[in-house]
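A.B. asks: Each chain, written out:
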Amino acid sequence: MRYVLKRVRRLVVVIFAVTLFTFLLVNVLPGDVAYDIAGQDASEEEVQAIRADLGLDRPVMVRYVEWLGDFVQGDWGRSFRTDEPVVEAILSRFPVSLELMLVAQVFALILAVPFGILAAYRAGRTADRTIATAGFMSLSIPSFMAAILLILIVSLNLGWLPTSEYEPLSEGLWANLRAFILPALAIAMAEWVILMRVLRADMIGVLQQDYISLARAKGLPVWHVILRHALKPASFSMITVLGLQIGNLVGGSIIIESIFALPGVGRLLINAIYARDFIVVQGVVVFIAFAYVLVNFIVDLLYAVLDPRIRTERADG
Amino acid sequence: MADPTTNRPLHPARPTLSRFRRMRPTTGKSGQFGIAFWLPLAWLILISFTAIFAPWIGIQDPDSLDFINLQVTPNDAHLLGTDHLGRDVLARVIYGARVSLVVGFCAPVVGMLLGLPIGMIAGYFGGRIDGFIVGSIDTFLAVPGLVLLLLFSLIFGGSLLVVTVSLGLLFIPIFSRISRAATLSFKSSEFILAARTIGANDFNILVRELLPNVVLPVLAFGLVAVASAIVVEGALSFLGLSVPAPHPSWGGMIAGGREHLEDSPHISVFPAIVMFLTVLSFNLVGDTLRSRFADVREAAI
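Protein sequence lines correspond, in order, to chains A and B.
If you're matching positions, the first sequence starts at 1 in the working numbering and goes up one per residue.
If you're matching positions, the second sequence starts at 1 in the working numbering and goes up one per residue.
FYI, nobody ran anything at the bench for these hints, they're computed from the structure.
Wrong hints could be hidden among the right ones.
Selected chain B positions facing chain A (in silico; Cβ < 8 Å) [claimed, not checked]:
(1) L90
(2) N201
(3) G234
(4) A272
In this text, all values refer to a predicted model and were calculated from it rather than measured experimentally.
Here a beta-carbon is modelled for each residue, glycine too, at the ideal position from N, C-alpha and C.
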């Protein structure tokens, strides 16, 4: 319980720091948003009027405290451009980002688990080295490059998955899911390598354990020993990493979303940046940071629930 | 361990020397660097050379428009073809390398210059200072890197300097963690105690005694950091938020060719291949150097 409280305290501190940092960064600008809204021909008086209208003429710290108060109550302001409430804009787009992330993680797991097991089982041999090399190459392809190559090869040359518009889930599962396949693959290209390496390292350790030797000595087939006896203890760290990656991906799929025209949080952010819509940018950044910290927090807690040693070790550190 | 020798029967009678010789290759630190080191290194030298001497090696002007040859496939006049404005792809790839390499090298240096002292101070003094620094870094890490870069480019505009510095800031956490871990592992060594005994102050110990030991693992990580800096710069210029538009950059070229993937894929594919090879080379060379020179691996941090 002390551990949980300690983590909660830290969560609050981090969130507070992030909001302050983002707010200051966005608000202490050379040439603020009033100039943007007024346009180039506007007189100084018009700019001042807009500024007063938006409340931008007051000191930064006053505005921050006020904003934080509204923020805590769920009022994140309205877009300067579209007048859409920021909270609604984010929440309506979040499911798309979440789905993309989950599909990507499933693809990454499908690649990581078999290859990780094989690499660990044949550690140091040709298969292991081949997988390590393939991993290195896969990791050296930036996601936006993977996206372009996937479009080129899978959609245009093979004609398998025409780059399709995003369809909501109500249009049917397949219509919805097919728009996610290529973007998720593009993200999984780098993800699976990280998972595979973690699984391999743990698996090698587990395979040295006495109970594995015992299982083998009993005459159980190799695949049975690996899947039933070794995989569960060996995938512990991999699941942790998976959780942390989910937090990362909330903000990490920005480029992929914009390439594939998926209406997710990332595309909301990038469009807001192009439009210099600061209040939306600010909201999305805080949201992404919040999601990231929250996921980390949950992973940490789960970890402590699963492994009692953590509770005592980390409580004082 | 993944060590095939452990399963072999022991030969206690064998002389020590030959046993050592037999074991050496299995530790992964064998005498020579293999082809996975030299080939990438050669590529990196080639890329750097052409990028540095781009104006003098007889390639075309990357910004000159050839309206007769729009989107032509590779031929004698344009070795890698031309893009939708008739600009020579080879020339743009080479000039684009300048952006990628400058950001790729300078950003990790910025991160190292700031992260190294922070990490050393945290590791050396410990206690409250350490707690504060580690906490600040955790907070900093809560905002995903790309989001932070987007924020910076929104506020300060896209230019080589802004991209380099803001990308450099993103490297502070990793460099300070590495140097903190290295400092911690050397802090209680005898030579530090010895230095303190003869009256050295904290500053002297940090700079004279610890720095030379800490700098090696940090530098060894450097080349891998270059690879990721190039990737992130590519992502930014892909989004059009790095160097301004007509200036050639790899990410920008890949993005520019997106509209023409169907009829002339070479506009995107050639810069993509060059970028891939460069990133892969930095990763391979960096990883070899890191496993050779740095005992402080990420796992220990």
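A.B. asks: Confirm or reject each hint.
C.D. replies: Results for each hint:
At its closest, the beta carbon of B/L90 sits 19 Å from a beta carbon of chain A; the interface hint therefore is violated under the 8 Å criterion. Restraint check, B/N201 versus chain A: the minimum CB separation of about 29 Å is more than 8 Å; hint violated. The interface hint given for B/G234 is met, as the beta carbon of that residue sits about 5 Å from the closest beta carbon of chain A, less than 8 Å. Taken as an interface hint, B/A272 checks out: its beta carbon lies about 5 Å from the nearest beta carbon of chain A, inside 8 Å.
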